[in-house]
Amino acid sequence: MIYIILPAYNEEGNINRLLTNLINGLVELGEKYHIVFVDDGSSDNTRDEILKFKDKTSLEVVSHPKNLGVGEAFRSGFGRVLSLADDNDIIVTKEADNTSDVGILTTMLKKLKGGDDIVLASCFAKEGKIVNSSWERYLCSMAANLLLKLFFPIKGVNTYSSFYRVYRVATVRRAFRAYDGKLLTEDGFACMVELLIKLRRVTSKISEVPMILKADLRVGHSKMKKFDTIIAYLRIILKNGIFQRFKNLFRNQYS
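In terms of numbering that gives the first Met the number 0, the sequence shown opens at residue 0 and continues consecutively.
These are calculated hints, taken from the structure and not from any lab test. Among the hints, a few may not be true.
No more than 27 angstroms apart at the CA atoms, straight line, and that leaves these computed lysine-lysine pairs for DSS-like [unchecked claim]: (1) Lys-128 / Lys-148; (2) Lys-213 / Lys-148; (3) Lys-197 / Lys-238; (4) Lys-204 / Lys-128; (5) Lys-31 / Lys-53; (6) Lys-110 / Lys-204; (7) Lys-109 / Lys-154; (8) Lys-112 / Lys-154; (9) Lys-125 / Lys-109; (10) Lys-148 / Lys-112; (11) Lys-154 / Lys-110; (12) Lys-65 / Lys-181.
The following label-pair restraints were derived from C-beta to C-beta distances [as the list claims (entries may be wrong)]: (13) Gly-24 / Asn-87: 17 to 27 angstroms; (14) Asp-85 / Lys-109: 16 to 26 angstroms; (15) Leu-237 / Gly-29: 42 to 52 angstroms.
All C-beta atoms, glycine included, are put in the ideal place defined by N, C-alpha and C.
Construct the complete structure from the given sequences, taking the supplied hints into account.
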């Protein structure tokens, strides 16, 4: 079974295209699937647009009474899926704004079934790119990912901030246990960087496939707050990189 987690906040203009393309792609795969939307306190008709597909596919909506942030949306989504899934199942996470390509899901799943535990869609991989986005947003994203790669190197991985990923359920469960359930503590967009950094400590079988991220396919504007996200990245580097290295050094010296 494939479980798809889709966090959404005020995405009414994107839902129809998203679900039409996603369902068509999943049907072509010929595998059983279930879509879990997390409506993170939308003030528009996001929930109503999702529910138009309720009778057409296997789908449910987890609703937050108010906007709690991407991190809380993913905590709810992973919590719901892990309550349903078996260890041999697969989780897909993805944005709800149509910027990432559903068409590469087949390639991602092949790599997972070939032995990887996590596969990321990467706009900074060779043959990947970002189109129709502002230059400052592109440079900011590229610089952040280079910095994260410097502190948390993962062989063959160039994009740390991607939402679009596939995971083995067993790997995610193992990570939740390793961190006593505190796998996702960041509330904003940086939560996915935090998740990847923590997952690399329970598996080295992580890879990526190139993706062309098309910003012009999004209806509306990005919900990411750039300054807050940069601060969160720096906090992750301090907490999980620099402080952790000093902690390990101190432990080794006095143990």
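Status of each hint after checking the structure:
Annotation: proposed proximity of Lys-128 to Lys-148 holds, straight-line Cα distance about 17 angstroms (limit 27 angstroms). About 23 angstroms separates the Cα atoms of Lys-213 and Lys-148, which keeps this hinted pair within 27 angstroms; it holds. This hinted pair checks out: Lys-197 and Lys-238 have alpha carbons roughly 12 angstroms apart, not beyond 27 angstroms. Proximity of Lys-204 to Lys-128 is assessed by CA-CA distance (about 24 angstroms); at most 27 angstroms being required, the pair is judged to hold.
A distance of roughly 16 angstroms separates the Cα atoms of Lys-31 and Lys-53; the hinted pair therefore holds under the 27 angstroms criterion. This hinted pair checks out: Lys-110 and Lys-204 have alpha carbons roughly 10 angstroms apart, not beyond 27 angstroms. Pair hint Lys-109 plus Lys-154 holds up; C-alpha atoms about 19 angstroms apart against a cutoff of 27 angstroms. Our distance criterion of 27 angstroms between C-alpha atoms is met by Lys-112 and Lys-154, whose separation comes to about 19 angstroms.
A C-alpha spacing of about 19 angstroms is found between Lys-125 and Lys-109, which places the hinted pair at or below 27 angstroms, so the restraint holds. Note on Lys-148 and Lys-112: the hinted pairing holds, with a Cα-Cα distance of about 25 angstroms set against a maximum of 27 angstroms. Taken as a hint, the Lys-154 and Lys-110 pair is honoured in the structure, with Cα atoms around 15 angstroms apart against an allowance of 27 angstroms. The suggested pairing of Lys-65 with Lys-181 holds, with an alpha-carbon distance near 22 angstroms, which does not exceed 27 angstroms.
Checking the proposed 17 to 27 angstroms range against Gly-24 and Asn-87 shows it holds: the Cβ atoms sit about 21 angstroms from each other. Between Asp-85 and Lys-109 the beta carbons are some 21 angstroms apart, a value that agrees with the proposed interval 16 to 26 angstroms. At about 46 angstroms, the CB distance of Leu-237 to Gly-29 agrees with the hint of 42 to 52 angstroms.
When the structure is compared with the earlier hints, no violation turns up for any of them.
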